[in-house]
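S.K.: Taking the hints into account, I'd like the entire structure generated from these sequences.
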Amino acid sequence: MCLAVPARIVSLEADDQAVIDAGGIRKRVSIALVEGVVPGDYVIVHVGYALARLDPDAAAETLAAMAAAGLEPGELV
Amino acid sequence: MKYVDEFRDRELGRGLAAAIAREAVPGRRYQFMEFCGGHTHAISRYGVADLLPANVRMIHGPGCPVCVLPIGRIDLAIGLALERNVILCSYGDTMRVPASNGRSLLRAKAEGGDIRMVYSAADALRIARENPAREVVFLAIGFETTTPPTALVIREAQATGVGNFSVLSNHVLTPAAIVNILQSPEVRTLGTVPLDGFVGPAHVSSIIGTRPYEFFAEEFRKPVVIAGFEPLDVMQAILMLVRQVNEGRAEVENQFHRVVDRAGNQKAQALVAEVFELRREFEWRGLGTVPYSALAIRATFAAHDAERRFELQYQPVPDNKACDCGAILRGLKRPTDCRLFGGACTPETPMGSCMVSSEGACAAHYSYGRFRDRPQAPLAAEMA
Ligand code: SF4
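Top line first, the protein sequences correspond to chains A and B. With my numbering, the residue at position 14 of the first sequence is 14, and numbering never jumps. One rule links them: number in my numbering = place in the second sequence (from 1) + 77.
Derived by calculation from the structure, the hints in this document are not laboratory data. Just so you know, these numbers come straight off a predicted model, no measurement behind them. All C-beta atoms, glycine included, are put in the ideal place defined by N, C-alpha and C. Keep in mind that a hint or two might mislead.
[Stated by the list, open to error] Here are the simulated DMTMM-like pairs of lysine to aspartate or glutamate, each with C-alpha atoms no more than 20 angstroms apart in a straight line:
1) 344/B x 15/A
2) 344/B x 358/B
3) 344/B x 57/A
4) 27/A x 16/A
5) 186/B x 425/B
6) 344/B x 41/A
7) 79/B x 57/A
8) 79/B x 61/A
9) 186/B x 233/B
10) 27/A x 13/A
11) 79/B x 41/A
12) 410/B x 233/B
13) 344/B x 61/A
14) 186/B x 212/B
15) 344/B x 233/B
16) 186/B x 160/B
17) 398/B x 360/B
18) 398/B x 152/B
19) 344/B x 360/B
20) 79/B x 15/A
21) 398/B x 388/B
22) 27/A x 15/A
23) 27/A x 41/A
24) 79/B x 55/A
25) 410/B x 212/B
26) 344/B x 35/A
27) 27/A x 160/B
28) 410/B x 388/B
[To be verified] Quick list of simulated restraints, FRET-style, between CB atoms:
29) 58/A x 91/B: 22 to 30 angstroms
30) 424/B x 57/A: 25 to 33 angstroms
31) 13/A x 298/B: 47 to 55 angstroms
32) 40/A x 298/B: 38 to 46 angstroms
M.R.: Here is the structure:
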């Protein structure tokens, strides 16, 4: 039910619709709930609607923090 | 898939597990509730619990919208389909939820009800447009993530004059349920399951933001970490919670800042406020009646409110007495404590709400729990 996936906006269509690519699967979804998305943006898609934008810089930060947490104390460079 | 696979990486998972083991103080207790079914599912599927030290325990919360839908509400939907001859549209997840007299939407469909599975609320509105001579009702369920799409279609039905379309709203609110768990008499008086912190919802929070959790971090002195739905997100959130407990902090932290911010999606919030208002109370399967925990359609959209349009009267129906979902959802019992678990009650023949959807505590435990006994944690296989 709560399944929602990150997807890339491929193109914007009429009536607040957009074509998205989620792991190679293309689909038409509504972007009526998010403001100002453009092709190339990543969004979270749920029940046919884009709910929020995904920030690639923040994702990279999170992965870096995860990697840092895994190091033994003193191992940090 | 980008932004999914990276967050299932085995090496990073090992590192996070090592960090949790290093920082969790032996002899100290860390009991965290993951509110969302999405987290319950990730924890069970990727064997996250196996990677945690014995004194760090995860408790499955009630955040599965299918599981908390009470029998009486499904009975209303079945009544509409069988007695009022409407076309009833529903998300696939609700089809098998057990209702009164051994029924479910699926059974009612077999009995001749015109019940159709839809992928989105927009599909339900389209069906109404295609069938102008029929009444079409959308059985709307879900937390804050599915409410904005429902609000959109109600507004569109009104604006474009789709007079045969209405919605049976069962939308519920996350913060109200968390407060209910913290204040429940069992947790307060018995004190059996003191909760030391919460893993907060991922996508729900993308809509409501992190601000609503600040109240109970302060009021109840419980740390909250908003986390994404991938296994590494959950593990990092657990590490952040361990640190808060160690440092005596009770703050709202945001592990999922790649999607969630403090204010949330204001466009969606405004839309929901325009179409919906608070119900004074709503019954949750497993939790009972929770004040101000659900949304009803505003009078301005009364023509599209199935409860008004068909003058529906809600009749509460008690759950199977042997079902322990209520205690499980509050962390007082584990699925295996229920004597129906795995015998009379399985995902194919659910007796109670937590066995209905793969996000429910009992179903998640049933589907993935047997991996627990293996020496190799499923993490290796699943995260590869
Ligand atoms: S196993 Fe079935 S009957 Fe027992 S608590 Fe879980 S859902 Fe309820």
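S.K.: So, for every hint listed, does it hold in this structure?
M.R.: So, going through the hints one by one against the coordinates:
1. 344/B x 15/A: holds (17 angstroms)
2. 344/B x 358/B: violated (26 angstroms)
3. 344/B x 57/A: Judged against 20 angstroms, a Cα distance of about 23 angstroms means the pair is violated.
4. 27/A x 16/A: Answer holds: residue 27/A to residue 16/A is near 14 angstroms, not above 20 angstroms.
5. 186/B x 425/B: holds (17 angstroms)
6. 344/B x 41/A: holds (18 angstroms)
7. 79/B x 57/A: holds (14 angstroms)
8. 79/B x 61/A: At roughly 15 angstroms apart (the allowed maximum being 20 angstroms), residue 61/A and residue 79/B satisfy the hint.
9. 186/B x 233/B: violated (28 angstroms)
10. 27/A x 13/A: Distance of about 12 angstroms is within 20 angstroms: holds.
11. 79/B x 41/A: Given that 20 angstroms is the threshold and the Cα spacing comes to 12 angstroms, the pair holds.
12. 410/B x 233/B: violated (45 angstroms)
13. 344/B x 61/A: violated (27 angstroms)
14. 186/B x 212/B: holds (16 angstroms)
15. 344/B x 233/B: holds (16 angstroms)
16. 186/B x 160/B: holds (12 angstroms)
17. 398/B x 360/B: It holds: about 17 angstroms lies between the C-alpha atoms, which stays within 20 angstroms.
18. 398/B x 152/B: holds (19 angstroms)
19. 344/B x 360/B: Between residue 344/B and residue 360/B the Cα gap is close to 28 angstroms, so the pair fails against 20 angstroms, i.e. violated.
20. 79/B x 15/A: Violated. Residue 79/B to residue 15/A sits at ~27 angstroms, over the 20 angstroms cutoff.
21. 398/B x 388/B: The hint is violated at about 30 angstroms.
22. 27/A x 15/A: This hinted pair holds, its Cα atoms lying about 15 angstroms apart.
23. 27/A x 41/A: Holds. Residue 27/A to residue 41/A sits at ~15 angstroms (cutoff 20 angstroms).
24. 79/B x 55/A: Within the cut-off at roughly 13 angstroms; holds.
25. 410/B x 212/B: violated (43 angstroms)
26. 344/B x 35/A: It holds: about 8 angstroms lies between the C-alpha atoms, which stays within 20 angstroms.
27. 27/A x 160/B: violated (36 angstroms)
28. 410/B x 388/B: violated (39 angstroms)
29. 58/A x 91/B: 22 to 30 angstroms: holds (23 angstroms)
30. 424/B x 57/A: 25 to 33 angstroms: violated (40 angstroms)
31. 13/A x 298/B: 47 to 55 angstroms: Holds: the Cβ-Cβ distance is about 49 angstroms, inside 47 to 55 angstroms.
32. 40/A x 298/B: 38 to 46 angstroms: holds (43 angstroms)
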